[in-house]
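*Asks:* Given next are the chains, with one letter for each unit.
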Amino acid sequence: MSPAATWSLVIALLAAGICSALGVWLVLLRQSLTGDGISHSVLPGLVLVFLLFGTRANLAMMLGAAVAGLLTVWLSREISRLTRIREDASLGVVFTIFFAIGVILITRSARQIDLDPGCVLYGLVEFVGFDTIAWAGYDVPRTLPILVITGVIVAAFLTLFHKELALMAFDPSLAHALRRHPHRLYLALMAMVALTTVACFEAVGSILVIALLIAPAATAQLLTRRFAPMMIGALVGGASAAVAGYFLAVRWNTSIAGMIASVLGAQYLLAVILISLLQRSRRSISARGASDPVLGGSV
Amino acid sequence: MTLAPALRIEHLSVAYDDRPVLENVNLELGRGKLIGIVGPNGAGKSTLLKAILGLTPKLLGSIELLGEPLRGADLRLGYVPQRESVDWDFPVTVAEVVAMGTYGRVGWFRRPSAAERTRVQRALDQVGLSEYASRQISQLSGGQQQRTFLARALVQDAEVYLLDEPFAGIDATTEEALIEVLLDLRAQGRTLVAVHHDLGTVAKFFDEVVLLHRHVLAFGPPDEVLTPTLLEVAYSSKSTSRSAWGA
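If you read the protein sequences in the order shown, they are chains G and R.
Residue numbers for the first sequence, in my numbering: 1 to 299.
Residue numbers for the second sequence, in my numbering: 1001 to 1247.
Simulated from the structure, these hints should not be mistaken for lab results.
Glycine is no exception: its CB is placed at the ideal position from the N, C-alpha and C atoms.
Don't take every hint at face value.
Just so you have them, the derived chain R footprint on chain G, three or more residues with Cβ under 8 angstroms [claimed, not checked]: (1) 156–166; (2) 182–189; (3) 222–230.
If we take Cβ atoms under 10 angstroms as the criterion, some of the chain R residues that face chain G in the derived model are [unchecked claim]: (4) Asp1017; (5) Lys1033; (6) Gly1072; (7) Pro1081; (8) Met1100; (9) Arg1105; (10) Val1106; (11) Trp1108; (12) Arg1111; (13) Leu1162; (14) Leu1231.
Cβ pair distances, simulated, as ranges [what the hints assert, rightly or not]: (15) R:Asp1184 with G:Val93: 46 to 54 angstroms; (16) G:Leu187 with R:Gly1032: 38 to 46 angstroms; (17) R:Gln1121 with G:Val103: 55 to 63 angstroms; (18) G:Thr55 with R:Gln1121: 52 to 60 angstroms; (19) R:Asp1089 with G:Val103: 33 to 41 angstroms.
Could you put the whole structure together from the sequences, leaning on the hints where they help?
*Replies:* Okay, structure coming up:
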């Protein structure tokens, strides 16, 4: 493999790891759509930072995006709190409006702005190896430091707050009663999602970010009822999809991000088929057991 | 000197969407008692517990816990929510759910200590679930779920416990374990306040009863509160008070 090709694979793997781990919590909180919403609503944040400050510096862009993402979560929560609208509905409205504002801003200022909507959606994982900077004495893709730092922050957050996240997801009212501040923790988790979305989307595109946030965790949840296997399963699933998707894309000369997302879809489909076959065989065993006077229907 | 009551509630009013749920509730609940809250559906029983916990914003009124004004959540308050209010498919074990009761004391960035884990084990023993400690909660029966919650309440080590329908839909074993635990906690001088549905068993379980229907209709020993006249008022006043509020 050429160095550039290796970097593409490394970046895809990093993005897959970070998104899959966060995705486990989104799926457990039944908030998968929130990842989708945040990844869309960061767009106006990115564009506004560029328009106001004329910079594409990573830190400024990430701050702008994180603010837009958190504003979306906060606004949709407030709207559903103050009205009778359910939170998923208000989130759907808020993030599409944010995304639309972003699209309008981009197209209005197309000449000044070097943000290609196509690139935002599909990413440029093929080319990350050609856009390098010097980091710690090495020539690395510009996106690598961002992804590594984001990965460290997300991993630290998920480890340090594991017990509070579990308490919030399982029993939010007890979390409140025990002064574990579930509302603030939820916003912090969403800030992690916003950070991850921005860190990853330039490299792999927002469609793949959404797929990576939801699919590996959803697949793993089908296969296990325990937390640790679910987390490991999601990480392995995301990583293996990145590798398989990468080589299939090279083989068939097609989009890497598109191929990875397709492999994630295939994994999910396989898990669904596997689970329904298992359930069917279990049912037929218990049906046989019920007709058996010795064993009885004891399943 | 006399001890301050476990809970003193004054002029408490709560509304959802401009619809009043509790109006001017006044109560003084003594320490070391087992107190039942009864009333028709929509009487505001669960809301009263949630208002005490600070889960529901109050419109008016003040609440004192053990003589001090309550501001937000307080670790001296234990809570056992309705069993249906949580996601029983969540991937945790029985022991992990029980350990959640210690999280308020354990604090941020730390794991429960060996002493806390022993406490969890003891609580599981007490409700007869030690064999199930490493089971996933999705594999539990309804009664076992309720006992898991009970064990979690035990490790919370609170002064005043608020229980939302702990007796709803449980088997005989669980009922026995539940009563044993409640009596045990009461013997230690703690106060237990439970929302209860079944009027027939109120006298059997509770020292005192609050008959609630948006406000306190009666409060006292079961035989004084559960009189035909008062029950008639509580359980038939629904339509009249509804029309009064135009809902």
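*Asks:* Against chain G, is proline 1081 of chain R within 10 angstroms by beta-carbon distance?
*Replies:* Given a least distance of 5 angstroms, the restraint on proline 1081 of chain R holds.
*Asks:* With 10 angstroms as the cut and Cβ atoms as the points, is lysine 1033 of chain R at the interface with chain G?
*Replies:* Hint on lysine 1033 of chain R: violated, closest Cβ of chain G at ~21 angstroms, above 10 angstroms.
*Asks:* Honestly, do threonine 55 of chain G and glutamine 1121 of chain R meet the 52 to 60 angstroms range at C-beta?
*Replies:* Holds: the Cβ-Cβ distance is about 57 angstroms, inside 52 to 60 angstroms.
*Asks:* Once the shortest beta carbon distance from aspartate 1017 of chain R to chain G is found, is it less than 10 angstroms?
*Replies:* holds, 7 angstroms
*Asks:* Holds or violated: is the Cβ of tryptophan 1108 of chain R closer than 10 angstroms to a Cβ in chain G?
*Replies:* holds, 7 angstroms
*Asks:* At a Cβ distance under 8 angstroms, does chain R reach at least three residues of the stretch 156–166 of chain G?
*Replies:* Coverage by chain R holds for the stretch 156–166 of chain G (5 residues, Cβ < 8 angstroms).
*Asks:* Quick check on a hinted range of 55 to 63 angstroms for glutamine 1121 of chain R and valine 103 of chain G, using CB atoms only.
*Replies:* Check passed, 57 angstroms falls within 55 to 63 angstroms.
*Asks:* Holds or violated: glycine 1072 of chain R as interface residue toward chain G, Cβ cutoff 10 angstroms?
*Replies:* This interface hint holds because 7 angstroms falls under the 10 angstroms limit.
*Asks:* Note whether the CB distance of aspartate 1184 of chain R and valine 93 of chain G lies within 46 to 54 angstroms or breaks it.
*Replies:* Holds - the Cβ-Cβ distance for aspartate 1184 of chain R and valine 93 of chain G, about 51 angstroms, lies within 46 to 54 angstroms.
*Asks:* Do at least three Cβ atoms from the stretch 182–189 of chain G come closer than 8 angstroms to Cβ atoms of chain R?
*Replies:* n = 0 at 8 angstroms, threshold three: violated.
*Asks:* Just tell me: holds or violated, for the beta carbon distance of aspartate 1089 of chain R and valine 103 of chain G against 33 to 41 angstroms?
*Replies:* holds, 38 angstroms
*Asks:* If you take the shortest Cβ to Cβ gap from valine 1106 of chain R to chain G, is it below 10 angstroms?
*Replies:* Holds. Min distance 8 angstroms.
This entry does not satisfy hints 2, 5, 14, going by the numbered hints stated previously.
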